[in-house]
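**Student:** Work out the full structure, taking the sequences as your base and the hints as a guide.
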Amino acid sequence: MSNIYAVTGNEAVANALRQINPDVCAAYPITPQTDLMQRFASFVSDGLVDTEMILVESEHSAMSACVGASAAGGRAVTATSGPGLALMWEILFVASGMRLPILMPVVNRSLSAPLNIHGDHSDAMGARDSGWVQLWSENAQEAYDNTVQALLIAEHMDIRLPIMVCLDGFIISHSIERVEYLDDDIVKNFVGTYKPQNPLLDIQHPKSIGPLILPDLYTEYKRTQHEAMSKVKNIVLKTADDFAKISGRKYSLFETYRLDDAEIGIVILNSAAGTTKDVIDIYREKGIKVGLLKPRLFRPFPYEEIRETLQHLKALCVLDRCDSFGAFGPLYTEIASSLYLSENKPIMINKIYGLGGRDYMPEHAKIVIEELIEIANTGKVKLFKDYLGVRE
Amino acid sequence: MKLKGWKEITPGAVILEAGSSAEFKTGSWRAYKPVWIKENCIQCLFCWLYCPDMAIKVKDGKREEFDYDYCKGCGICALECPGKKGKKAIVMEEEGN
Amino acid sequence: MATPLSLKELSKKEILLSSGHRMCSGCGAPIVVKMVLLAADYPVIACSSTGCLEVSTCISHYTAWKIPWIHSAFENAAATLSGVETMYKSLKKQGKLNDDIKFIAFCGDGGTYDIGFQSLSGAMERGHDMLYICYDNGAYMNTGIQRSSATPLGADTTTCPAGTVIPGKQQQRKDLTKIMADHGIPYVAQASISNWSDLMKKVRKALEIKGPKFMNILAPCNRGWRSRNDDAVMLSRLAVETCYWPLYEIENGDIKITFKPKEKKPLNEFLKTQGRFRHLFSPENEWLLKKSQEDIDRNWERLLREEACVLGGQPAETTEADQ
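Residue numbers (our numbering), protein chains in the order written: chain P, 275 to 666; chain H, -3 to 93; chain X, 12 to 334.
Fair warning: there could be bad hints in the mix.
[To be verified] Think about it this way: if two alpha-carbon atoms lie no more than 20 angstroms apart in a straight line, the pair counts; the simulated PhoX-like pairs of lysine-lysine are:
#, chain 1, residue 1, chain 2, residue 2
1, X, K23, H, K80
2, X, K113, X, K100
3, H, K58, X, K113
4, X, K189, H, K53
5, H, K53, X, K77
6, P, K551, P, K469
7, H, K55, X, K24
8, P, K469, X, K24
Quick caveat, the hints were computed from the structure, so don't treat them as lab data.
**Tutor:** Shown next as structure tokens:
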């Protein structure tokens, strides 16, 4: 029987969660994630999973319930979008500080005001310093594959950190694409059984979780989180290798497209990478040496590997699907940090695009490439940071 | 006490030893000290029950001496003590006298 | 077999809150925890919201808890504990766990009446098998005695100080116990450490009932109430005898008053022992004392009426819990 289906991103991720079969799932509706948890709830109602659902009264409680459930000693998952992630913000740090390997698909959405339910990256970028591992996904297939791989990274005994799998709201969550699923048994074996660490439910060994820590020790606990994060890269690569063996699909810390001999380049996250690749092909046919880098692991950020990959370029544009008002976009800042230690670094510009679900069209990629060609030729930059596709 | 380095602490700040606060002696907080007058004690155990600091030792259902390692000297035990024939079995005395 | 509710027998049990915690001298909150844990004859997992009890019982590598305990934040103890309880349910269903465990939250009034109210309401509505206990000291004591919605009328706090124009808190307390009863959960009770046997019976009854339970227990704070270090139990007793803090339970919607003072004492007897109410005894604030007494009387009469209603219009039987 074929494992190829025409499904939405939400459907694909919900199916991955079904195959993972978590012990507890907390859910609260928020567009565009709602449909993901609705689908998962039907798996619970139909007895296809062992999961107990907690239908909480807010995202704040969703993350709090996941903290309790994970600390208790089992697999806990939830999913959210935009304002829901913002409401969870305080508890995201609790989850990572307690070293709880909670899995959370984030169906990326903008933040109010003005109210907007559509896709951009303001939500997950706002949570980038929360101590969670972040995997980003271009399409439904990647969202499915990342979800299957996520727990192996989060639950690794050297890591024990919560993990977000990001996918673009509506553009991916609600569009039907071709997705190849793995067999249930294969995913079950791949994910393996959960190994609890200091579970609260072990009443023979009572533990206290969540103490007050004063300045004499707080820094040491934060240092342990830094240490765990420093080991994530290798575990992500190892997991990707193992995943390739069961799926034939290869993943890394980031994806490159026609970048090796490129003179100008674009860095872009998630769904807009696909559109950009098409436009790159058009320019390549014209003899323009342009390429692309699409980060997959955003936290921890693979600075060295990205430096090695981008430092040969003459000009580079980083496109951010959210703004850090009064500063460069968050992705730009990371890429700039990567390249700082390089002697011959490209000239870098930053474009803010696609906010609140604004379509990113091929002509937007063309504008960027034309500007990069000019910068590469003249060495002159008009504006280092600008909005793309905005009406005057 | 030597403070632990980051490689020596439990990830996630989990405390594995239950009741470890017993290492922390709160008796030094005391300004007033409860004194048990055994002959006035009817073993009602209200002092044991109401003590917020678990600082009254009991054995076989009977109270014994105060645990001055932890007693903060609040005086709840003395106030609640019914005593015997109007004579309190616990009185408070100023520390250091 | 449950331990008999005699102090002699109870004193043979290990108290599952250890000495060496850093609550203030004479604080009522650890007495609440101690009595609740003494009453429970089951393995218990506890959860606290951020607050005095939490920071004082679990700091650095010192924990006063001899049972599994978790704290995650201020406003989410009910949600956190619902996660623990649900994981328990899931693992038990899957045959990965056999223990029979009870789940108890211990949270202050700020974390219960105010910032944690949504989380509490949600957890109760969802029907988690847990007992949520509020130790109510009537203000944000941990941050330095700020007004909460549990602060009584007229009280002087650091955010509603008794000034020359505004004499302390201008609003009545929120009647949280009643609000919790209106959630339609199987068991709600109000208790006091002065009536220890009544308190323990309520805890035991609550733990035998499956589903969400709520108990509100008065926990005097001598710092915030500006009273003596030794009067936590005495003030609790006065609160009960003045009907400031009536003792009752609501089981499946039916109210039962578990203690009726033979002679209801004037509220002033409770108020005058506390510095937070001192300004009320100035002639210009007499109206506040009068209003406070009227509020207490009205509430007590309402409880009596509701109980009489349950008893089918018959006068309520007088019961007196152990002192």
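**Student:** For each hint, tell me whether it holds in the structure or not.
**Tutor:** Hints and how they fare:
1. X:K23 <-> H:K80: With a Cα-Cα distance of about 24 angstroms, the restraint between K23 (chain X) and K80 (chain H) is violated, given a limit of 20 angstroms.
2. X:K113 <-> X:K100: The hint holds at about 11 angstroms.
3. H:K58 <-> X:K113: Measuring from Cα to Cα gives roughly 29 angstroms; hence the hint is violated.
4. X:K189 <-> H:K53: Violated, because 39 angstroms separates the two Cα atoms, which is more than 20 angstroms.
5. H:K53 <-> X:K77: Measuring from Cα to Cα gives roughly 18 angstroms; hence the hint holds.
6. P:K551 <-> P:K469: 41 angstroms, violated
7. H:K55 <-> X:K24: 10 angstroms, holds
8. P:K469 <-> X:K24: 34 angstroms, violated
Hints 1, 3, 4, 6 and 8, counting from the list given before, are not met by this structure.
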